[in-house]
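Below are the chains, spelled out letter by letter.
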Amino acid sequence: MTDPATHAPDLVPPPTLEVRGGLKNFGAVHALRGVDLVARPGEVTALVGDNGAGKSTLIKCIAGIYAFDAGEVLFEGQPAHIADPSKANELGIEVVYQDLALCDNLDIVHNMFLGRELKKGIRLDESTMERQAAEVLASLSVRTVRSIRQHVASLSGGQRQTVAIARAVLWNSKLVILDEPTAALGVAQTEQVLQLVRRLADAGLAVVLVSHNMNDVFEVADSISVLYLGQTAAQLRAADTTRAQIIELITSGSQESGGPVTVPPAPGTAAAKLDTKNGSTQA
Amino acid sequence: MSTSTVSSSAPSSPLTAAVEQPTFGEAVSNYVTKVRGGDMGSLPALLALVVLIFAFIALRPQTFPSALNFANLFQQGAVISTISMGIVFVLLIGEIDLSAGFTSGLAGSTMAILLLNHGWAWYLAVLAGVVAGAIVGLWNGFLVAKVGIPSFIATLAAFLALQGAVLLIISNGGNVPVHDKVILAIENKNLPVIWGWALGVLAVLAYAAGSLNTWASRRRNGLLAVPLGLVVVKIVVLAAFVLGAVALLSQERSRTTFVSIKGVPIVVPIIVVLALLLGFVLTRTAFGRHIYAVGGNAEATRRAGIPVARVRIACFIICSTMAAIAGIFAASRATSVDPNAGGSNTLLYAVGAAVIGGTSLFGGKGRVIDALIGGAVIAVIDNGMGLLGYSAGVKYIVTGAVLAAAAAVDALSRRRARATGRV
Ligand SMILES: Nc1ncnc2c1ncn2[C@@H]1O[C@H](COP(=O)(O)OP(=O)(O)OP(=O)(O)O)[C@@H](O)[C@H]1O
Ligand SMILES: [Mg+2]
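As they're listed, the protein sequences go chains A and B. The working numbering puts the first residue of the first sequence at 1, with every later residue one more than the last. The working numbering puts the first residue of the second sequence at 284, with every later residue one more than the last.
Calculated from the structure, these hints are not laboratory results. Using N, Cα and C, we set each Cβ at its ideal position, and we do this for glycine too. Among these hints, one or two may not hold up.
To be verified - Here are some chain B residues the structure puts well away from chain A; computed CB gaps all over 12 Å: (1) A417; (2) L506; (3) V564; (4) S674; (5) Y679; (6) A694.
Claimed, not checked - Straight-line alpha carbon distances no greater than 20 Å define the calculated EDC-like cross-link-like pairs of lysine to aspartate or glutamate that follow: (7) K119/A x D84/A; (8) K87/A x D107/A; (9) K429/B x D84/A; (10) K317/B x D107/A; (11) K317/B x D104/A.
Turn these sequences into a full structure, and let the hints steer you where they fit.
Set out below in structure tokens:
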């Protein structure tokens, strides 16, 4: 960590994504009732919470699938209005959905380039797309796929997951959001995906990882945000928290140890120093 | 557009290593696996076509394989196949257009009235008919994609309304004759024999050049390519079919000695051009890819940032426009338009042709060529049974049975595809 004295606070890069007071209703269902989330470049931010806490809904709002009913979204410090998925793509937001959102009747290459096909004139540039897709899959150490021209329907769950992730990293994205990417995977493939998540962050991207698995969360996350019944209970630095604390937040929405919990500041700031000294909370 | 930002020492992967090109035998066995897995494409229709043709030749050796009847088949199949090519687009997005038959009637009657009563030039009258069709498509697409009415109901409403519109346009008299020479020529005149040969040879050469070029460029780029042998076999089969058809159509088929009737019917190259154009859109453009994507998983397509509603509307417009063009062919063939133009079996034959050809009723799977293959099956049944002296009633029943069989093949192969992980 750099010495805060050499850094004026305004030189600290703003978070890649910041959500303040996000609200979303589905008719009478209050899915999100005040959500704050900060995702910083180079960090994995875990988003945890019980079933139905609103994690997927939050992600879909960020991706432009739904619109927040109220609240503020800042992208790289600038207010952003993400009206539809293509706007999110333009900003550099890529999402790997819980249900993966692949087209079973298209092959791997077509799925990876869906909506952003490479063209030569009006024709699809199949060769270049195929080559780039193969390169990305290779860089993710995907070896199990027989041919990248096979239909996605014939892939295993883990392979589909990798295609969905490869689709997200194919583009020069700034923020990659993964909704329970390891839920359906075996031990080896889970490990591969987690390593991949870590590599994405180490490459300077902001990564948001939704997971129910505390092992996964503590293995890769720098920061943990807990949702409780559509509200942000706390966002904490992973290094300063224990599983017990997180699990308590998930199940009851607050900690016995008390104290208001707020968004942690960026590492490298004076506040961050404070953060590490004073434990998990900071006024 | 650049690739991954992930820094990783790219390990030598089977995907980036020089691909092992499959041999001829492997390619064939891959195809067999694919068919076994439920992805049969047009195979059942092609087999049915061969069986039917041989059966009718055996039963009516004098009339069925004659040059006259062969030309007839093309002219009979033209209307159904053209509507059907449009139907493929709505089936691909998992929808249906029940109004396509009367859309063709609307276009035909609009054109005929403008020619007869208003003295319009043929090309303007044709344009008006086609635009009328496109507007119907826009309306259907709007109701389905924007309002959210199931296409079955939205186009059923259009079916009724258009039937009324055709009645009103034709009004009293009950029949509008077509006298325009150009319009009549489409379905009733032939290309000069030499032209038929020239276009046939040109088509074969263009196909050969295109497929060899694709093969070479994939090899050059280190991508998996089908074996050269298979490419050549396909070219030879196509050449045999095209040149064989041209040869048959170039024979004298007049029954009298005063007039000579020979050559490829003019409507044939028109349909080939339409099919190539639509096939190009579907397989070579991003828009075509989006059509398949909408049929495969509309929600995923939406999340990929593709304007799904616009794709849907475009498919309905393409369908209705093709129906309108077919309506002009129908007017040309009948040399008149009556209030039932585009009615009775027109629509069901067109949907049937697409499904028989291998286009799925469940969306996401189908090709333009399916419409032509399925259209050929229906035309052969209709024509052959006519020659055998069966009544219209029997022909309908048989065609209905074939359609049910095709839909069953579609449903079963889909189930099979599910089971073996192909869709
Ligand atoms: N389209 C929708 N219409 C109505 N209610 C919805 C919709 N989507 C989500 N909800 C509701 O919003 C709440 C949050 O759901 P969400 O899917 O975001 O939870 P989650 O945290 O992702 O849960 P899980 O861990 O099970 O994936 C739930 O009560 C759910 O029923
Ligand atoms: Mg969820």
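So, against the hints stated earlier in the document, which numbers end up violated here? When the structure is compared with the hints, numbers 2, 3, 7, 8 turn out to be violated.
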